[in-house]
Each structure stands twice: as C-alpha cells, then as structure tokens.
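Visitor: Sequence:
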Amino acid sequence: MKGSDFEAALAEGKRNSLGRTVEVAEAVLADKRKLKALFACYASDDEWVRLRVSNALKRVIRTHPSWIDPWLDPLLNDVVTLDQPSAQWTVAQLCLENQDRLSPPHSARYARHVGPSGNSSDGMACVAIRSPSRNNDS
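In terms of our numbering, the sequence shown opens at residue 1 and continues consecutively.
No lab work stands behind these hints, which were simulated from the structure alone. Computed from a predicted structure; not experimentally measured. Take the hints with a grain of salt, since some may be wrong.
Unchecked claim - Straight-line Cα separation of at most 25 Å, PhoX-like style, residue types lysine-lysine; simulated pairs:
1. Lys-36 / Lys-58
2. Lys-34 / Lys-58
3. Lys-58 / Lys-14
4. Lys-32 / Lys-58
Kindly produce the complete structure, drawing on both the sequences and the hints.
Guide: Printed below as a string of structure tokens:
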C-alpha cells in the first residue's frame, strides 16, 4: 500500500469499526518512511479517518517506540490541539508510554496538557496516568 493511499483506506469501512486500520499500520510497520503519510492523515476533514490514524499510530509506536522520536513535535504542537478527544487521548497515551523518550522541553509541553491548567485533554490524560495497566500499585 502506498502512503498516498492511506487517507482513502482509512475512510473505508463502517464508521464504528477499524476499517482498514490494521492494514495501514502494517504498511507503515513494513516501511518506516510511510509514517509521514500516516501523520499527514491527521489533517483529514473526516473525524473517523483521524480516529483511525490514532489507532494505527499507537500500533506502530508500540511495536517500534523509537519511531516516535521525530514525531514528538508534531504530536505535542499540532495533534494535541485537534478538537478530537481520540487524538488528544493518543498523545496522552503515547507520551505516557514513552516518557523516557521525552526531552525536557517535550515533557514541559506534555505537562501543560495534563496538568490542571492544560487544555481539554486534561481528563483523558489523567485517566491514562492512573490506568491500572500502567501502574501496579492499584
């Protein structure tokens, strides 16, 4: 699958399904260079495409955590500002799961979005931080 086909592929399927998300994630996993095309789909006007981008991105980064490194700025500058809870939730999850990869400036930007003075991702990020799957003290 070509990276230029991602938006169309992610638009396919029933609205409350993964559609072709797994296929897109597998295409990116097979060729790291396609991560740029996946990120570009966050600019889609279709909220379901953006939801599926988030799902595919989590699959890719959980398989190859280091692949998040060049995308931290777009995640923390652009994706987190989308008026879409799934995108904000993805940023919170990926930052939490990759805390050791965040530079001090990235950590500060992330903290602005999860602290009491952050934006609408506050509640979701706090849930992620308290998630039993991430903390064994629950």
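Visitor: Are the hints correct? Go through all of them and say.
Guide: Results of checking the hints against the structure:
no. : hint            : verdict
1   : Lys-36 / Lys-58 : 14 Å, holds
2   : Lys-34 / Lys-58 : 15 Å, holds
3   : Lys-58 / Lys-14 : 20 Å, holds
4   : Lys-32 / Lys-58 : 14 Å, holds
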